[in-house]
Amino acid sequence: MKTLKHTLTAVALLISCYAAQAQNNTNEIVITGTRFTYPLFEKWISLYKKEHPDLHIRIASKGTKSADSANLFINAHRLTDNELPGLTTEAIARYALLPVANSQNKLLSIYGSRGIKSKELKKLFFEKYDPAEPDAEQKPNKQLKGYQPVFYTRAQKACAPITFAAYYGFEQENLVGNQLGGDDKHLIQAVLSDSAGVTYNVLSFIYDLNTRKVKEGLGIIPLDLNNNGKLDENEQIYGTIDQLITYLESTTNPGLPFEQVTLSYKKGQNNTKSIEEFISWIRSKGQLNNHEFGYALLSEKDLQTKLNPVSPAKTIAKQN
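For reference, each letter of the sequence shown is one residue, going -22 to -1, 1 to 298 in mature numbering (1 follows the signal peptide of the UniProt record, and there is no 0).
If you're looking for bench data, these hints aren't it; they were derived computationally from the structure. Some clues are possibly wrong.
The calculated DSBU-like cross-link candidates involving lysine-lysine, where the alpha carbons are at most 30 Å apart (straight line), are [unchecked claim]: (1) K21 x K193; (2) K84 x K27; (3) K120 x K21; (4) K123 x K135; (5) K245 x K27; (6) K84 x K106.
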């Protein structure tokens, strides 16, 4: 009789544990994916938890055991239809990428005043290129003969290089230069320590988010958006991160890599309702924090558009 009583007690405890675990799963959102977005998400999470103190939300970095239990996935490149369809995806922000160099880089003596044309940029980042002759239409820069900039790019498949390359009609694998491990901020660190360094990056790593100006030691390679060989007044948009964001939000086709940040999740989970409420909050109240962290607001069209079900966790977690 005692044995039966102990057995029933153990079973009851086990059932209660499973019930508690199910409840925790319902009230927990585990986020993983594109790492350069984490500071913005940390802000959103802290604000949202003030309104929903019973909901547990945390970020699980790629490569950790926690990431295996993620149920909400950040992505920041254009998802294709064949990326294992099945998850529902919502846009939550927009971000831009720019070419950037060490402030001592001699390339800035060419492009700093007149901007870089699209075809020049393609040669610079995707082909072997002699900077002494940046364009047949321009005068040769004989003082740069023999000068070789040093390019830095990501070794792993990642959203920023995928987006940067795709905008100019290439694949990430076509980017020239030294392939670095780590994440996008390590590209900036490499350029800062190399006077010949050149890379691409997101605004939040190029600009100081406190001063809102380009980080000391860096120089943006300005884009000649209309390819007329000079920087017109309306192309001088890089003074502060806010000036650039205003340009991005007020221009239909900004002429530079500009992509959505999205969240993907699977419907039918215990916590689907919690996830959808969190995403809805981000797409409304959360937009107030986008500028602070270097992101553009969603457009009216973005807010009205529901993206197709795409990209399960397996794909998204690999690209960050």
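Here's how the hints hold up against the structure:
| no. | hint | in the structure |
| --- | --- | --- |
| 1 | K21 x K193 | holds (22 Å) |
| 2 | K84 x K27 | violated (48 Å) |
| 3 | K120 x K21 | violated (49 Å) |
| 4 | K123 x K135 | violated (34 Å) |
| 5 | K245 x K27 | holds (22 Å) |
| 6 | K84 x K106 | holds (17 Å) |
When each numbered hint is compared with the structure, violations occur for hints 2, 3 and 4.
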